[in-house]
Amino acid sequence: MDHSAAYLIDLKYNKIVQSIIVSEFTHDDKISGLIKNEKLMHVKEQHLQSGYYKKLSETIRNYQEVVLFGPTDAKSELLNLLKGNHLFENIKFEVKNTDKMTENQMHVFVREYFK
Numbered sequence: 349m350d351h352s353a354a355y356l357i358d359l360k361y362n363k364i365v366q367s368i369i370v371s372e373f374t375h376d377d378k379i380s381g382l383i384k385n386e387k388l389m390h391v392k393e394q395h396l397q398s399g400y401y402k403k404l405s406e407t408i409r410n411y412q413e414v415v416l417f418g419p420t421d422a423k424s425e426l427l428n429l430l431k432g433n434h435l436f437e438n439i440k441f442e443v444k445n446t447d448k449m450t451e452n453q454m455h456v457f458v459r460e461y462f463k
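The working numbering puts the first residue of the sequence shown at 349, with every later residue one more than the last.
Everything labelled a hint here was simulated from the structure, so no lab data went into it. Note that beta-carbon positions come from the ideal geometry of N, C-alpha and C, so glycine has one too. Warning: the hint list may mix true and false statements.
What the hints assert, rightly or not - BS3-like, lysine-lysine: derived pairs with alpha carbons at most 30 Å apart:
{"hint": "1", "residue 1": "363", "residue 2": "444"}
{"hint": "2", "residue 1": "440", "residue 2": "360"}
{"hint": "3", "residue 1": "403", "residue 2": "463"}
{"hint": "4", "residue 1": "444", "residue 2": "403"}
{"hint": "5", "residue 1": "402", "residue 2": "431"}
{"hint": "6", "residue 1": "448", "residue 2": "363"}
{"hint": "7", "residue 1": "448", "residue 2": "402"}
{"hint": "8", "residue 1": "360", "residue 2": "403"}
{"hint": "9", "residue 1": "448", "residue 2": "463"}
{"hint": "10", "residue 1": "440", "residue 2": "403"}
{"hint": "11", "residue 1": "363", "residue 2": "403"}
Claimed, not checked - Cβ-Cβ distance ranges computed for the label pairs, FRET-style:
{"hint": "12", "residue 1": "399", "residue 2": "463", "range": "31 to 39 Å"}
{"hint": "13", "residue 1": "439", "residue 2": "367", "range": "25 to 33 Å"}
{"hint": "14", "residue 1": "460", "residue 2": "372", "range": "26 to 34 Å"}
{"hint": "15", "residue 1": "365", "residue 2": "439", "range": "26 to 34 Å"}
{"hint": "16", "residue 1": "462", "residue 2": "372", "range": "28 to 36 Å"}
{"hint": "17", "residue 1": "366", "residue 2": "442", "range": "17 to 25 Å"}
{"hint": "18", "residue 1": "435", "residue 2": "415", "range": "28 to 36 Å"}
{"hint": "19", "residue 1": "370", "residue 2": "429", "range": "15 to 23 Å"}
{"hint": "20", "residue 1": "406", "residue 2": "350", "range": "13 to 21 Å"}
{"hint": "21", "residue 1": "420", "residue 2": "361", "range": "27 to 35 Å"}
Put together the whole structure using the sequences plus the hints.
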């Protein structure tokens with residue numbers, strides 16, 4: 349995962365089921381925001397990022413074990429939000445720093461992790 353998209357990879361009966369949640373804050377939003385008003389752009393980014401993390405948390409609530417991985421600090425930001433919510437206290441979380449991966453590399457990573 350990163351700040352723009354999260355690949356939700358579920359391993360069911362040894363088969364990969366994948367979906368993607370995309371942040372609504374785009375690079376174009378950032379550029380136009382910087383041109384117009386930097387403070388307003390940051391407020392908009394925080395609001396949209398909060399919505400992105402909320403969508404992720406709604407999905408994560410359905411699991412008992414979750415590994416958050418990717419090249420940015422988005423995974424740690426999400427984990428910090430979830431750790432502060434009692435709804436997630438019974439879910440086992442692990443955070444792994446990884447390089448940017450292709451879909452196939454992510455699938456292999458998930459299979460290996462949950463072996």
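Results for each hint:
Using a Cα cut-off of 30 Å, the hinted pair residue 363 and residue 444 holds, with the two alpha carbons roughly 22 Å apart. For the hint linking residue 440 to residue 360, the alpha-carbon distance of about 18 Å falls within 30 Å, and the restraint holds. The straight-line distance between the Cα atoms of residue 403 and residue 463 is roughly 27 Å, inside the 30 Å bound, and the hint therefore holds. Restraint check for residue 444 and residue 403: satisfied, since their Cα atoms lie roughly 21 Å apart, inside the 30 Å limit.
Distance hint between residue 402 and residue 431 is fulfilled; the C-alpha atoms sit about 13 Å from each other, no more than 30 Å. Of the supplied pair hints, the one linking residue 448 and residue 363 holds, its CA atoms being roughly 22 Å apart against a limit of 30 Å. Our distance criterion of 30 Å between C-alpha atoms is met by residue 448 and residue 402, whose separation comes to about 23 Å. Our distance criterion of 30 Å between C-alpha atoms is met by residue 360 and residue 403, whose separation comes to about 21 Å.
Simply put, residue 448 and residue 463 have alpha-carbon atoms about 22 Å apart, close enough for the 30 Å limit, and the pair holds. For the suggested pair residue 440 and residue 403, the alpha carbons sit about 19 Å apart, so the restraint of at most 30 Å is met. For the given pair, residue 363 sits about 23 Å from residue 403 by alpha-carbon distance, which is consistent with the 30 Å threshold. A beta carbon spacing of about 34 Å between residue 399 and residue 463 agrees with the range 31 to 39 Å that was offered as a hint.
Residue 439 and residue 367 have their C-beta atoms about 18 Å apart, which leaves the hinted 25 to 33 Å range violated. Checked against the hint of 26 to 34 Å, the C-beta distance between residue 460 and residue 372 comes to roughly 32 Å, which is consistent with it. Hint check: residue 365 to residue 439, Cβ distance near 18 Å, so the stated range 26 to 34 Å is violated. Residue 462 and residue 372 have their C-beta atoms about 30 Å apart, which keeps the hinted 28 to 36 Å range intact.
One distance hint, 17 to 25 Å for the beta-carbon pair residue 366 and residue 442, holds here, with the actual separation near 19 Å. Taking the beta carbon of each, residue 435 and residue 415 are about 19 Å apart, not inside 28 to 36 Å as hinted. Here the CB-CB span from residue 370 to residue 429 is close to 18 Å, well matched to the stated 15 to 23 Å. In this structure the supplied range 13 to 21 Å holds for residue 406 paired with residue 350, their Cβ-Cβ distance being about 19 Å.
Checked against the given bound of 27 to 35 Å, the beta carbons of residue 420 and residue 361, roughly 31 Å apart, stay inside it.
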